Amino acid sequence: AQSVTQPDIHITVSEGASLELRCNYSYGATPYLFWYVQSPGQGLQLLLKYFSGDTLVQGIKGFEAEFKRSQSSFNLRKPSVHWSDAAEYFCAVGSLVGSQGNLIFGKGTKLSVKP
Amino acid sequence: NAGVMQNPRHLVRRRGQEARLRCSPMKGHSHVYWYRQLPEEGLKFMVYLQKENIIDESGMPKERFSAEFPKEGPSILRIQQVVRGDSAAYFCASSPQRAGAHEKLFFGSGTQLSVL
Numbered sequence: 280a281q282s283v284t285q286p287d288i289h290i291t292v293s294e295g296a297s298l299e300l301r302c303n304y305s306y307g308a309t310p311y312l313f314w315y316v317q318s319p320g321q322g323l324q325l326l327l328k329y330f331s332g333d334t335l336v337q338g339i340k341g342f343e344a345e346f347k348r349s350q351s352s353f354n355l356r357k358p359s360v361h362w363s364d365a366a367e368y369f370c371a372v373g374s375l376v377g378s379q380g381n382l383i384f385g386k387g388t389k390l391s392v393k394p
Numbered sequence: 021n022a023g024v025m026q027n028p029r030h031l032v033r034r035r036g037q038e039a040r041l042r043c044s045p046m047k048g049h050s051h052v053y054w055y056r057q058l059p060e061e062g063l064k065f066m067v068y069l070q071k072e073n074i075i076d077e078s079g080m081p082k083e084r085f086s087a088e089f090p091k092e093g094p095s096i097l098r099i100q101q102v103v104r105g106d107s108a109a110y111f112c113a114s115s116p117q118r119a120g121a122h123e124k125l126f127f128g129s130g131t132q133l134s135v136l
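Those protein sequence lines, which keep their order, are chains D and C. For the first sequence, our numbering gives the first residue as 280, with consecutive numbering after it. For the second sequence, our numbering gives the first residue as 21, with consecutive numbering after it.
Bear in mind the hints are in silico, worked out from the structure with no lab data behind them. All figures in this text were calculated on a predicted structure; none of them were measured in a lab. Certain hints may be false.
As the list claims (entries may be wrong) - Just some of the chain D residues that point at chain C, by a computed CB distance under 10 Å:
id	residue
1	V283
2	F369
3	A371
4	G387
Even for Gly, the Cβ is constructed at its ideal location relative to N, Cα and C.
Could you build the full structure based on these sequences and the hints that come with them?
Shown next, in the form of structure tokens:
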């Protein structure tokens, strides 16, 4: 079955520390992968996406993610977290074949940033 | 440029009433997607529409839920005879054409439906 797993429900990091949010997927077809961020009361904003090419993808706000096919993972990283990064982060997967925007989302990881 | 507009932001209904959620896509976008986010869950795809057509409703519950995207006006997600389990955040997204690897979705801020 197609699924996305974000193992960490809630993560707290200190401002200025590095961050890694985990995402594992199970998908029969060739996947394309997304990370979205949701601030309280807001819609989802796309941070980055991967569909081919270089497996290390750069996104907005200083985020990057690495696609590792052998591990079925697409972890999100940031070298130095800012207080404004506190939000909920969602990993999502879709198909390159017949994609219609019906993405499969993980349950999300809530990020808290302490001063 | 206005983004994807959803209204109302919050909607309270009693069990058995009808809920109507509206979504105006970004200007120039003719493709609309509805997602539902239950508490402590990720977003779940419900339906994909183009103007006047339902393209994929594989995520829609079989009963009480319907969606439309008329030639003029916003897309409407309609829930008849609401039950407590319908309480969730409903998000709309739009794209200028069929979304794929090269086309991203733009999400609205959502409608929080609470059923008493």
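Here is what the structure says about each hint:
no. : hint : in the structure
1   : V283 : holds, 7 Å
2   : F369 : holds, 6 Å
3   : A371 : holds, 8 Å
4   : G387 : holds, 6 Å
Going through the hint list in order, the structure satisfies each hint without exception.
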